[in-house]
Amino acid sequence: MKKHILRILHSNTFISTFFLIIATLLAFILFHLVPENNANVALIYIVALILIARYTKGYFYGFFASLFCVFAINYCFTYPYFEFNFTLTGYPITFLELLIVTLITSTTTSHMIEQGQKLAAQEKKIAEADREKMRANLLRAISHDLRTPLTGIIGSSSSLIENHGKMSEQDNKELIQAIYDDASWLRNMVENLLSVTRIQSDTSTIKKSIEIVEEVVSEAVSRLKKRIPDARINVTIPKDIIMLPMDAMLIEQVLINLLENSIIHSHSELPVDLTVTETSHTIVFQVDDYGIGIAEERLPILFDGIPSTASNTADSQKGVGIGLSICKTIVLAHKGEIHAENRDNGATFLFSLPKTE
Amino acid sequence: MASKYCILVIEDEKSICNFISKALTAHDYKVVCAYTGKDGLSLISSLCPDIILLDLGLPDMDGINIIHSVREWSSNQLIVVSARSKESDKVAALDAGADDYISKPFGISELLARIRTSIRHSNKSNTSSQSADRPYHALDLTINYQNHVVTRGDTVIHLTPIEYKIVTYLAKNSGKVHTYSSIMQHVWGPYIDVNNTKILRVNMANIRHKIELNPAAPQYIFTEIEVGYRFLDDSE
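Residue numbers (the working numbering), protein chains in the order written: chain B, 3 to 359; chain E, 19 to 254.
These aren't lab readings, by the way, just hints derived from the structure by calculation.
Please read these numbers as outputs of a predicted model, since none were measured by experiment.
A portion of the hints provided could be inaccurate.
[Stated by the list, open to error] Okay, derived cross-link-like pairs now, SDA-like style, lysine to any residue, Cα gap no bigger than 25 Å in a straight line:
1. 32(E) with 182(B)
2. 126(B) with 201(B)
3. 357(B) with 235(E)
4. 216(E) with 126(B)
[Said to hold, decoys possible] Ranges between beta-carbon positions, derived for each pair:
5. 179(E) with 301(B): 52 to 58 Å
6. 165(B) with 172(E): 57 to 63 Å
7. 182(B) with 227(E): 36 to 42 Å
8. 237(E) with 160(B): 39 to 45 Å
9. 301(B) with 253(E): 31 to 37 Å
10. 225(B) with 65(E): 32 to 38 Å
11. 230(B) with 216(E): 32 to 38 Å
12. 57(E) with 344(B): 55 to 61 Å
13. 153(B) with 162(E): 56 to 62 Å
14. 237(E) with 159(B): 48 to 54 Å
15. 155(E) with 212(B): 32 to 38 Å
16. 162(E) with 245(B): 30 to 36 Å
Here a beta-carbon is modelled for each residue, glycine too, at the ideal position from N, C-alpha and C.
Assemble the whole structure, with the sequences as input and the hints as a guide.
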């Protein structure tokens, strides 16, 4: 029912009639208040015509409205009143003037609308291209990053099989430990990739539910501690219970990735700070480390999933690209924001999520 | 010395079966493997294992059906093994009667911890009359069921009746995960709308603020996102 009314309200006929009636009423009032100057009447109709041309589609309604205006002025506001008189001097000129005003406005408006549509289409294309680029980067980063630990696992295990009994107990242990480390890293990566599959790829949307922030934060911290037992993290959360719509699994993944990134890549023994703060429209999650910071040239592309170049030792940086680009994908799907910056004494990663859907 | 605990592993991946059975045998458990659900069911009835480790993704039958048919006649401890991405499967398995779950991939220490918890619970249920009113104690937290007092260190923690009910339910089955719906049905009765977990979660948040020193780094109450809650295991 509501929809029906709305459709009528938006229909061209309604808009045209509405403006014409208002204009005629105004014209009558003015005509009675200042009868000696009836130039106002024509001006009021011109305004009505401009508005009609602006808010209707095509030339049709504008043309008819200008016809109506000419007749209305002739009928109501020129002597003899309430009678048509087509012998007035300059009459065709009035009609022509009104028609020209209408046509010019209609043309400009439809041109404007067209331009707007073109811009929207272009933006959509750009967004699509961006997504495509991100996906391509992600794939490249994955294939680049998965090969390293797999090489390690295959190498270590095959040397254990082939050199059975020829190596020292110590060497055996080291190889087994290496296999374990690489496999754990792979598991981490697979969890990250799995989390991305929860985001609908075509619409980039997610299933949100109301979650309690401290539950998500505490689970993220405890899961990370399971993996890196000597990780030290100081968590600060407001005393009040904060409820926030989100996909808890995904936000947990973001927190784990950011914390792990800070712990491993800051090259610092100092504990990492995780601070949650509340602003008027968002909840902000901030991870501060007290380490070497982020290389300036990587800051702008940090979240784009581009593997770090060979120059800054590809090995120690493995996986950073994927983890952070997944963070970005997840936060964007929540309509939030994420960025990183350097402080004097370390790096800061922060992301914010909107409080409302 | 008591006889070895018997563990039945129902899992179709031979390599996983292999490592579980090697590791558990090394820790002095008796391990039997079944590669299909059908074999598993017949072994359950013939062996009467103390603990069943059940993989939910079996080729011949749905893991949930195995849980249902086992629960018809047996109360063996049943631990479900499941991939981490399928939270709804875990909830369904727990609600069907599984005692606990463990996510793939898991380390052997995690598995051993779950098995120890399960064994303790199966012992407890065998001697339920004595242990039912024994106070819960872990770290600094003590719950005295007889006079309804919860203390952390020397301070008495004041809980509302609903909060106390939740805490005792979790503590009496400490170490095991409880789904949202099982807690809600226990506390608010069978007619509660279990799909609306907000009331439970707000209560849990309040409990956490009262019991935990730092609610963001809990020591006693652990959240299993999209599944439920786990209370720190009783240290006996």
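- Is the distance from the Cβ of residue 57(E) to the Cβ of residue 344(B) consistent with 55 to 61 Å? Holds, since residue 57(E) and residue 344(B) (Cβ atoms, about 60 Å apart) stay within the stated range.
- Range hint 36 to 42 Å: satisfied by the CB atoms of residue 182(B) and residue 227(E)? 38 Å, holds
- Message: For the hint 32 to 38 Å, verify it against the beta carbon of residue 155(E) and that of residue 212(B).
- Response: At roughly 34 Å between Cβ atoms, residue 212(B) and residue 155(E) fall inside 32 to 38 Å, so the hint holds.
- Query: If you check the beta carbons of residue 301(B) and residue 253(E), does the distance land in 31 to 37 Å?
  - Reply: Violated - the Cβ-Cβ distance for residue 301(B) and residue 253(E), about 48 Å, lies outside 31 to 37 Å.
- Message: Please check whether residue 153(B) and residue 162(E) have a Cβ separation lying inside 56 to 62 Å.
- Response: The hint (56 to 62 Å, Cβ to Cβ) holds, given that residue 153(B) and residue 162(E) are roughly 58 Å apart.
- Item | Distance restraint evaluation - residue 165(B), residue 172(E), Cβ atoms, bounds 57 to 63 Å | Holds - the Cβ-Cβ distance for residue 165(B) and residue 172(E), about 60 Å, lies within 57 to 63 Å.
- Message: Does residue 235(E) sit within 25 Å of residue 357(B), going by the straight-line distance between their CA atoms?
- Response: Roughly 23 Å separates the two Cα atoms, so the pair holds.
- Item | Outcome for the supplied range 48 to 54 Å, where the beta carbon pair is residue 237(E) and residue 159(B) | 39 Å, violated
- Message: With the threshold set at 25 Å, check whether the alpha-carbon distance from residue 216(E) to residue 126(B) stays at or below it.
- Response: Violated - the C-alpha atoms of residue 126(B) and residue 216(E) are around 38 Å apart, more than 25 Å.
- That 52 to 58 Å hint for residue 179(E) and residue 301(B) (C-beta), does it hold up? Because 54 Å falls inside the window, the suggested range holds.
- Take a look at whether the Cβ-Cβ distance between residue 225(B) and residue 65(E) falls inside 32 to 38 Å. Check passed, 35 Å falls within 32 to 38 Å.
- Message: Does residue 201(B) sit within 25 Å of residue 126(B), going by the straight-line distance between their CA atoms?
- Response: Measuring from Cα to Cα gives roughly 19 Å; hence the hint holds.
Hint violations for this structure: numbers 4, 9, 14, all remaining hints satisfied.
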